[in-house]
Amino acid sequence: MIIALSSQGSSLESAFDPRFGRAQGFILYDTESGETRYASNEQNYDLPQGAGIQSAMNVVKAGAKAIITGHVGPKAYAALEKAKVDVYFSAAPTVSEALEAFKQNRLTLAQGADKPGHW
Amino acid sequence: MRIAIASGKGGTGKTTVAVNLATQLVKEGYSLALADCDVEEPNVHLFLPGIVFQEREVHMPVPVINHKTCLGESCQSCVYLCRFKALIWMVDEVMVFPELCHGCGLCQEACPAGAVSDGARLVGVLRHNDTNGGLAVIDGRMRVGEAMAPPLIREVKAQADSTGRDLVLLDCPPGTSCPMITSVQGADASILVTEPTPFGLHDLILAVETLRQLDIPIGVVINRHGIGDNRVEDYLAQEGIPLLARIPHSEEAARAYSRGKLLVDTLPEMKEIFDELWLATQKLLPATTEEPHA
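Protein chains in written order, with our numbering: chain A, 1 to 119; chain B, 1 to 294.
Within a straight-line C-alpha distance of at most 16 Å, the following computed EDC-like cross-link-like pairs (lysine to aspartate or glutamate) qualify:
no., chain 1, residue 1, chain 2, residue 2
1, A, K103, A, D30
2, A, K61, B, D92
3, A, K82, B, E93
For the chain A half of the interface with chain B, some residues (derived, Cβ under 8 Å), not all of them:
no., residue
4, L47
5, Q49
6, G50
7, I53
8, Q54
9, A56
10, M57
11, V60
12, K75
13, A79
14, K82
15, A83
FRET-style restraints, in silico, Cβ to Cβ:
no., chain 1, residue 1, chain 2, residue 2, range
16, A, A62, B, I51, 51 to 59 Å
17, A, E81, B, A147, 16 to 24 Å
18, B, V52, A, A62, 55 to 63 Å
19, A, P18, B, D161, 43 to 51 Å
20, A, K82, B, R143, 20 to 28 Å
21, A, K84, B, G119, 20 to 28 Å
22, A, K82, B, A254, 50 to 58 Å
Hints are computed from structural coordinates only; laboratory data are not their basis. This structure is a prediction, so every number in the text was calculated from the model and none was measured. Heads up, the beta-carbon is just placed ideally off N, CA and C, and yes, glycines get one too.
Construct all of the structure, not just a fragment, from the sequences and the given hints.
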């Protein structure tokens, strides 16, 4: 399974990005092989609107079945829900610490958006 | 003829100028429409107690996808072309987020299968009163939660034009972004209302630059004259922008305003000030424009 973690840089040691739609990029972690890959989100992070759903489309196209991020709004959540992507929230300082928390079952599965919509 | 009453800064007195000028001109025999284009917080009606409006809902078109005729993953033209990022491809179909749509219709144009049709999003309520003697009044109230003002503003302006009055006064929203630009577009001249303070000047300059881009002739009214400093007048002189009138700052004016009273009904000196303002405004218009007659 591929997990997308919002990240401010291209490695596991990068700072975890609390934003989903306007994350700098995503670390795609493959739970079977343990391999990681970086997908830049630069086409979305400065969009005037719609960044959340565009990021949702892109992580789903990249094969993610779960995401770990700081916050998700209602439109992005609706898009992720349609793709049956699990959403986990974390406030970890780095991507590797967020991933470690996930592996130790310390993150709880989100039941909805944690932020109101905005434009 | 359309005159836009605008400003960069909020709270400078656009509505004060609009309702007082409208009332004064109606007394002098003009037939005019006053359109409150600030659909995010309309306030013209506060100065016209007892006014009764007819109301109608205003919608804008948003896409509805026919998933049976949609060509699917191999196409995605609508998803790629939407400049407002209102559509995404998710798993096995196009998902529409109508609240992000600006109603441009490109998705419908682009769909090779004709699978995109018009739905509707409620943007607000338009209100109008065309029975109040020489003055027709139009405003709009945006739906709470709606993010886009321009579609409703365009309806308010169209309704004002449809009254067939000699003159349309457009009370515009503050700022220099889409709502303000939508409101001033098509005006024959613009009255910019400012206050003689550093904040007033800063935002006035933004408004001047915007209206110059739009090729709309401008003049300036200084409201609350007597506070602040002379920087606004220095700027106007330096830029060659006509100063149309000075409305003096007074406790009486503030008191009348806060009670929803008109300055021209309350303070004797205001009649002359608004007459002068109107004379000076007419000089902004291109020479070929006929003056509306009383």
